[in-house]
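Respectively, the protein sequence lines represent chains A and B. For the first sequence, this note's numbering begins at 1 and goes up steadily by one. For the second sequence, this note's numbering begins at 1 and goes up steadily by one.
It cannot be assumed that every hint is accurate.
Derived lysine-lysine pairs resembling DSSO-like cross-links, with alpha carbons at most 30 Å apart [said to hold, decoys possible]: (1) Lys69/A with Lys44/B; (2) Lys44/B with Lys56/A; (3) Lys19/B with Lys97/A; (4) Lys36/B with Lys69/A; (5) Lys70/A with Lys44/B; (6) Lys9/B with Lys97/A; (7) Lys40/B with Lys69/A; (8) Lys56/A with Lys52/B; (9) Lys26/A with Lys9/B; (10) Lys41/B with Lys97/A; (11) Lys26/A with Lys70/A; (12) Lys97/A with Lys44/B; (13) Lys26/A with Lys40/B; (14) Lys97/A with Lys102/B; (15) Lys41/B with Lys56/A; (16) Lys102/B with Lys19/B; (17) Lys22/B with Lys69/A; (18) Lys36/B with Lys97/A; (19) Lys19/B with Lys52/B; (20) Lys41/B with Lys70/A; (21) Lys71/B with Lys44/B; (22) Lys41/B with Lys52/B; (23) Lys26/A with Lys102/B; (24) Lys70/A with Lys40/B; (25) Lys19/B with Lys9/B; (26) Lys102/B with Lys56/A; (27) Lys22/B with Lys41/B; (28) Lys69/A with Lys19/B; (29) Lys102/B with Lys70/A; (30) Lys9/B with Lys40/B; (31) Lys36/B with Lys70/A; (32) Lys97/A with Lys69/A; (33) Lys97/A with Lys71/B; (34) Lys26/A with Lys36/B; (35) Lys41/B with Lys69/A; (36) Lys41/B with Lys26/A; (37) Lys9/B with Lys36/B; (38) Lys97/A with Lys40/B; (39) Lys67/B with Lys97/A.
Just so you know, the hints here were simulated from the structure itself, not pulled from any lab data.
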Amino acid sequence: SQQGEEDPQALSIQEGENATMNCSYKTSINNLQWYRQNSGRGLVHLILIRSNEREKHSGRLRVTLDTSKKSSSLLITASRAADTASYFCATATGFQKLVFGTGTRLLVSP
Amino acid sequence: DTAVSQTPKYLVTQMGNDKSIKCEQNLGHDTMYWYKQDSKKFLKIMFSYNNKELIINETVPNRFSPKSPDKAHLNLHINSLELGDSAVYFCASSQQGNRGEKLFFGSGTQLSVL
Chain A
1 SQQGEEDPQA LSIQEGENAT MNCSYKTSIN NLQWYRQNSG RGLVHLILIR
51 SNEREKHSGR LRVTLDTSKK SSSLLITASR AADTASYFCA TATGFQKLVF
101 GTGTRLLVSP
Chain B
1 DTAVSQTPKY LVTQMGNDKS IKCEQNLGHD TMYWYKQDSK KFLKIMFSYN
51 NKELIINETV PNRFSPKSPD KAHLNLHINS LELGDSAVYF CASSQQGNRG
101 EKLFFGSGTQ LSVL
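The task is simple: from the sequences and hints, build the whole structure.
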């Protein structure tokens with residue numbers, strides 16, 4: 001069964017606004033990762049946060065992890081039209097296995 | 001100089017046919033994967049290989065047979081294609097494959113079974 005579920009399923013915002021996506025998972029994890037998928041393309045790794053970390057930044061991205069609530073959030077600040085994509089969380093629960101969530105479709109309008 | 005490349009990008013075929021998808025990575029990674037993405041964008045692992053050895057086989061029908069001739073290549077052969085096999089298939093690789101490293105994905109093969 002899938003491990004991660006993302007919320008919301010779809011998000012529509014204006015350029016310059018912040019976008020927040022949430023991911024909930026069910027079991028203990030080694031780390032949690034976020035990926036972006038542009039339409040018709042493969043997934044691209046954005047950021048990895050380990051189970052003993054609470055917050056991580058990369059450019060305009062901020063990821064938080066709350067292992068007690070089994071949840072993570074991805075914040076994209078000052079969004080751009082080029083950020084339009086689907087965003088997936090993925091949890092690493094064991095050797096070589098990365099389980100993906102259901103994805104959030106983000107639309108950023110100019 | 002694409003890191004993970006898979007061919008073909010599109011594959012349209014009739015039910016009952018046999019088809020193959022090829023994948024190559026030039027990153028020097030030890031581990032390669034096949035993932036299937038359905039029409040609802042749900043991405044599920046099918047197989048993983050570490051240095052040509054099958055590590056993960058996620059309850060995939062026997063009609064799907066991966067083959068890894070060397071650690072840079074992982075091909076997927078599908079026999080007797082069914083309508084339900086229609087999906088986008090992604091190849092991916094990671095450096096060593098342990099403890100949830102980040103994955104590098106190919107651009108996908110969209111398979112349509114008619």
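Structure-based check of all given hints:
1. Restraint check for Lys69/A and Lys44/B: satisfied, since their Cα atoms lie roughly 24 Å apart, inside the 30 Å limit.
2. The suggested pairing of Lys44/B with Lys56/A holds, with an alpha-carbon distance near 26 Å, which does not exceed 30 Å.
3. Pair hint Lys19/B plus Lys97/A holds up; C-alpha atoms about 26 Å apart against a cutoff of 30 Å.
4. Under the criterion of a C-alpha separation no larger than 30 Å, the hint pairing Lys36/B with Lys69/A is consistent with the structure, at around 29 Å.
5. Distance check on the hinted pair: Lys70/A and Lys44/B sit about 20 Å apart at the alpha-carbon level, within 30 Å; holds.
6. Pair hint Lys9/B plus Lys97/A holds up; C-alpha atoms about 25 Å apart against a cutoff of 30 Å.
7. Taking the CA atoms of Lys40/B and Lys69/A, the gap is near 26 Å; set against the 30 Å cutoff, the hint holds.
8. Of the supplied pair hints, the one linking Lys56/A and Lys52/B is violated, its CA atoms being roughly 35 Å apart against a limit of 30 Å.
9. Between Lys26/A and Lys9/B the alpha-carbon distance is near 34 Å, which puts this suggested pair outside the 30 Å criterion.
10. Proposed proximity of Lys41/B and Lys97/A is supported: the alpha carbons are some 19 Å apart, at most 30 Å.
11. The suggested pairing of Lys26/A with Lys70/A holds, with an alpha-carbon distance near 7 Å, which does not exceed 30 Å.
12. A hinted pair counts as satisfied when its Cα atoms are at most 30 Å apart, and Lys97/A with Lys44/B qualifies at roughly 10 Å.
13. Simply put, Lys26/A and Lys40/B have alpha-carbon atoms about 21 Å apart, close enough for the 30 Å limit, and the pair holds.
14. As the CA atoms of Lys97/A and Lys102/B are separated by approximately 11 Å, the hinted pair is consistent with the 30 Å bound.
15. At most 30 Å may separate the alpha-carbon atoms for a hinted pair to count; Lys41/B and Lys56/A meet this at roughly 26 Å.
16. For the given pair, Lys102/B sits about 29 Å from Lys19/B by alpha-carbon distance, which is consistent with the 30 Å threshold.
17. A threshold of 30 Å between alpha carbons decides the hint, and for Lys22/B with Lys69/A the separation of about 41 Å lies outside it, so the pair is violated.
18. Pair hint Lys36/B plus Lys97/A holds up; C-alpha atoms about 14 Å apart against a cutoff of 30 Å.
19. Note on Lys19/B and Lys52/B: the hinted pairing holds, with a Cα-Cα distance of about 21 Å set against a maximum of 30 Å.
20. The suggested pairing of Lys41/B with Lys70/A holds, with an alpha-carbon distance near 22 Å, which does not exceed 30 Å.
21. Restraint check: the Cα-Cα separation between Lys71/B and Lys44/B comes to about 22 Å, which is no more than 30 Å; the hinted pair holds.
22. Straight-line distance between C-alpha atoms of Lys41/B and Lys52/B comes to about 28 Å, which keeps the hinted pair within the 30 Å bound.
23. This hinted pair checks out: Lys26/A and Lys102/B have alpha carbons roughly 20 Å apart, not beyond 30 Å.
24. A hinted pair counts as satisfied when its Cα atoms are at most 30 Å apart, and Lys70/A with Lys40/B qualifies at roughly 24 Å.
25. The suggested pairing of Lys19/B with Lys9/B holds, with an alpha-carbon distance near 13 Å, which does not exceed 30 Å.
26. With a C-alpha separation of about 16 Å, the suggested pairing of Lys102/B with Lys56/A holds against the 30 Å cut-off.
27. For the hint linking Lys22/B to Lys41/B, the alpha-carbon distance of about 22 Å falls within 30 Å, and the restraint holds.
28. Under the criterion of a C-alpha separation no larger than 30 Å, the hint pairing Lys69/A with Lys19/B is inconsistent with the structure, at around 44 Å.
29. A C-alpha spacing of about 20 Å is found between Lys102/B and Lys70/A, which places the hinted pair at or below 30 Å, so the restraint holds.
30. Distance restraint check for Lys9/B and Lys40/B: the Cα-Cα separation of roughly 19 Å lies within the 30 Å cut-off, and the hinted pair is therefore satisfied.
31. Taken as a hint, the Lys36/B and Lys70/A pair is honoured in the structure, with Cα atoms around 25 Å apart against an allowance of 30 Å.
32. Proposed proximity of Lys97/A and Lys69/A is supported: the alpha carbons are some 22 Å apart, at most 30 Å.
33. With a C-alpha separation of about 18 Å, the suggested pairing of Lys97/A with Lys71/B holds against the 30 Å cut-off.
34. Using a Cα cut-off of 30 Å, the hinted pair Lys26/A and Lys36/B holds, with the two alpha carbons roughly 21 Å apart.
35. Annotation: proposed proximity of Lys41/B to Lys69/A holds, straight-line Cα distance about 25 Å (limit 30 Å).
36. Our distance criterion of 30 Å between C-alpha atoms is met by Lys41/B and Lys26/A, whose separation comes to about 20 Å.
37. About 14 Å separates the Cα atoms of Lys9/B and Lys36/B, which keeps this hinted pair within 30 Å; it holds.
38. This hinted pair checks out: Lys97/A and Lys40/B have alpha carbons roughly 21 Å apart, not beyond 30 Å.
39. The suggested pairing of Lys67/B with Lys97/A holds, with an alpha-carbon distance near 19 Å, which does not exceed 30 Å.
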